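> Sequence:
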Amino acid sequence: MKNKKDRVQQTNRSLSSRLNFRLWRRMFSKFISLNLLFIIISASMLFLVGEKKAVETVNYLEEVGFPGDSERYWMLNREIEINLAEEPGSGFNIPKSIALFFPKETRTSSRWISIPKNGSVSFYNYFDNLQYGFHSSVNGLSYNVIVHFTTIIWVLKSLLLGLIIFQFLILVRSWSIQKSIITRTLSRSLSKLTEQAKTLSKEKGPLSIKEMESLAGTLDEINATRLDTRIDLDNTQEELQNLAKAINGLLERINESYRLQARFVSDASHELRTPIAAIQGYANLLDRWGKDDPDALEESIGAIKEEAANMKDLVEQLLFLARGDNNTMHLEVERFDVGALLQTIHRETQMINGAYALELQVEEAWVKADQGLIKQAGRILVDNAIKYTPSGGNITLAVKNAKGQIRLTVQDSGIGIPPDDIPHIFERFYRADESRARVSGGTGLGLSIAKWIVERHGGYLEVLSREDFGTRISLVLPEAH
64 MKNKKDRVQQ TNRSLSSRLN FRLWRRMFSK FISLNLLFII ISASMLFLVG EKKAVETVNY
124 LEEVGFPGDS ERYWMLNREI EINLAEEPGS GFNIPKSIAL FFPKETRTSS RWISIPKNGS
184 VSFYNYFDNL QYGFHSSVNG LSYNVIVHFT TIIWVLKSLL LGLIIFQFLI LVRSWSIQKS
244 IITRTLSRSL SKLTEQAKTL SKEKGPLSIK EMESLAGTLD EINATRLDTR IDLDNTQEEL
304 QNLAKAINGL LERINESYRL QARFVSDASH ELRTPIAAIQ GYANLLDRWG KDDPDALEES
364 IGAIKEEAAN MKDLVEQLLF LARGDNNTMH LEVERFDVGA LLQTIHRETQ MINGAYALEL
424 QVEEAWVKAD QGLIKQAGRI LVDNAIKYTP SGGNITLAVK NAKGQIRLTV QDSGIGIPPD
484 DIPHIFERFY RADESRARVS GGTGLGLSIA KWIVERHGGY LEVLSREDFG TRISLVLPEA
544 H
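Residue numbers (the working numbering): 64 to 544.
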C-alpha cells in the first residue's frame, strides 16, 4: 500500500509540475513579446527622431552654411554634431535602395549607424553612445552630420528595466501561486478518483485493461495547450464513466483557471502599454524641444511623473488582487462603527476635493471586519462617483442599519451606466465607456478590488444606475451582534 500511495503522490506532483511549467512558460513568452514590441517601438522612434534632426540640419546648412563655434556648441547641446568631411563615417551603412522612404531633403545622403567604443563598457550602457550619421553635400561643401541619442536612450532603457523588474516579480509570484492552486485541485480530485476506483473494483470486479490503457493514454496527452481535451463517455466502460466524468470536470476547472490567468496577464500587459506609450511620447517631446523650451520641459516632466504614478497604482492593485486570489491576505477583524468610518471618509474627501456638494447621512451601525479594507472599499466607491460626476454635482454618502444588514451607500448625480454594462462593471479592467474612461483616468480595477473586499467579509454589492441621472452603489455587510 505504501508503494501505491507513493506512486499516486509522484504522479500528482509530476502532473501539477508539468501544468504549472506550461502556464508559467506561456506567461513568460507573453512578457518577452511585450518587451520586443517595446524595443521595436523605441528603435522606430529613434530612427524618426534621427531623420527629423537630419532634415532640420540640412535646411540650416542651406540657409546659414557651416556654423560658427557658438552655433556648433548650441547644436551639441541638442545632440547634433556637424563636421566638414569628404567621406562618410564608418559604421553599419544603411542601403540606398530604400532611399525612396526618406525625406526629399536628405534622400541622396549616405547614412550609417555606429556605436563608438570608449574603453570597457557594461552591456547596460553599451548603447548610450549610439549615433545616427549621414553624409550630405550642401552648397558645394560636404558634411558629416551625427545625431546622438544619449538622453532619449537613457529614458528608454530605464523604462525597459522597470518593466522587466515588474515582469520578474509577477513571474516569481505566479510560479508559487499556480503550483499551489494546481496541486490542491489535483490532490482533492485524485483522492476522490482513487476512492471511486476502489469502490468500483469491489462492486464490479476486474475492469477492462484495454479501457484503462485508453483512459491513461488520453490523460497522458493532456497538457497546457490541450486543456480542452475530454474523455469520450460514450465509448467508455460503464464502470469507468463516473471516473471519466470526474476527470472531465477537473479538466473544465483547470481550463477555466488557465483561461482567466491568461486573460489577466494579457489585460495587464495591455494596460501597461498605455502609460509606456505616453512616457515615450513625452520623452520625444523632451528630446525635441525640452532643452530650449521651459514650458515643454515642465509639461513633459509633469506628464512623465503622472504616468509613472499610474503605473505604480496599477502594479499595487495587481499585487492586491494576486494576494487575494491566492488567499494569502490576512484580515485584521475588529468591531467598529461604519457610520463613524464614513464620517472620516467624508471629511477627508472634502479636504481633498471641494468641487462637489457632499451630503452625509449616517447612523450608528456596527460590523466585525477589517476596518482598513472596508475603508479602502468605501474610498473606491467615493472616488468612482467623483470621476463620473461633473464638477458641482451632488454626491450622497449614507449608512443605514436595516434588518440585520449594514448598508454603506454612495449615490451620485453623474453620467450613469448603460444597462448592458452594469453586469460587467466588477470585471477586472472593464470600463463602461472607454472614451470617458480615458478622460477620468483609472485602471479599471477599483470596483474589482471593492467586490473582493466585500465578498471576503461575507457581504455583497448592489448597483442601481440610470444614464444621465446618476448611480447608486451599496456595500452590504452583516451586522455585528
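Derived by calculation from the structure, the hints in this document are not laboratory data.
Note that the structure is a prediction, hence the values are computed from the model and not measured.
It is possible that some hints are incorrect.
Said to hold, decoys possible - Taking lysine-lysine and the DSS-like style, the derived pairs with C-alpha atoms no more than 30 angstroms apart in a straight line are:
(1) K308 x K375
(2) K159 x K180
(3) K431 x K93
(4) K431 x K466
(5) K438 x K463
(6) K220 x K115
As the list claims (entries may be wrong) - Ranges of calculated distance between the beta carbons of each label pair, as one might list FRET restraints:
(7) K180 x K368: 31 to 37 angstroms
(8) S177 x D484: 35 to 41 angstroms
(9) F84 x N122: 56 to 62 angstroms
(10) I104 x R316: 36 to 42 angstroms
(11) K93 x V396: 19 to 25 angstroms
(12) L111 x S221: 19 to 25 angstroms
(13) L382 x R316: 35 to 41 angstroms
(14) G387 x P179: 50 to 56 angstroms
(15) R236 x K368: 24 to 30 angstroms
(16) V235 x N188: 25 to 31 angstroms
(17) L382 x S205: 55 to 61 angstroms
Even for Gly, the Cβ is constructed at its ideal location relative to N, Cα and C.
> Under the constraints set out in the numbered hints, which ones does this structure not fulfil?
1, 3, 8, 11, 13
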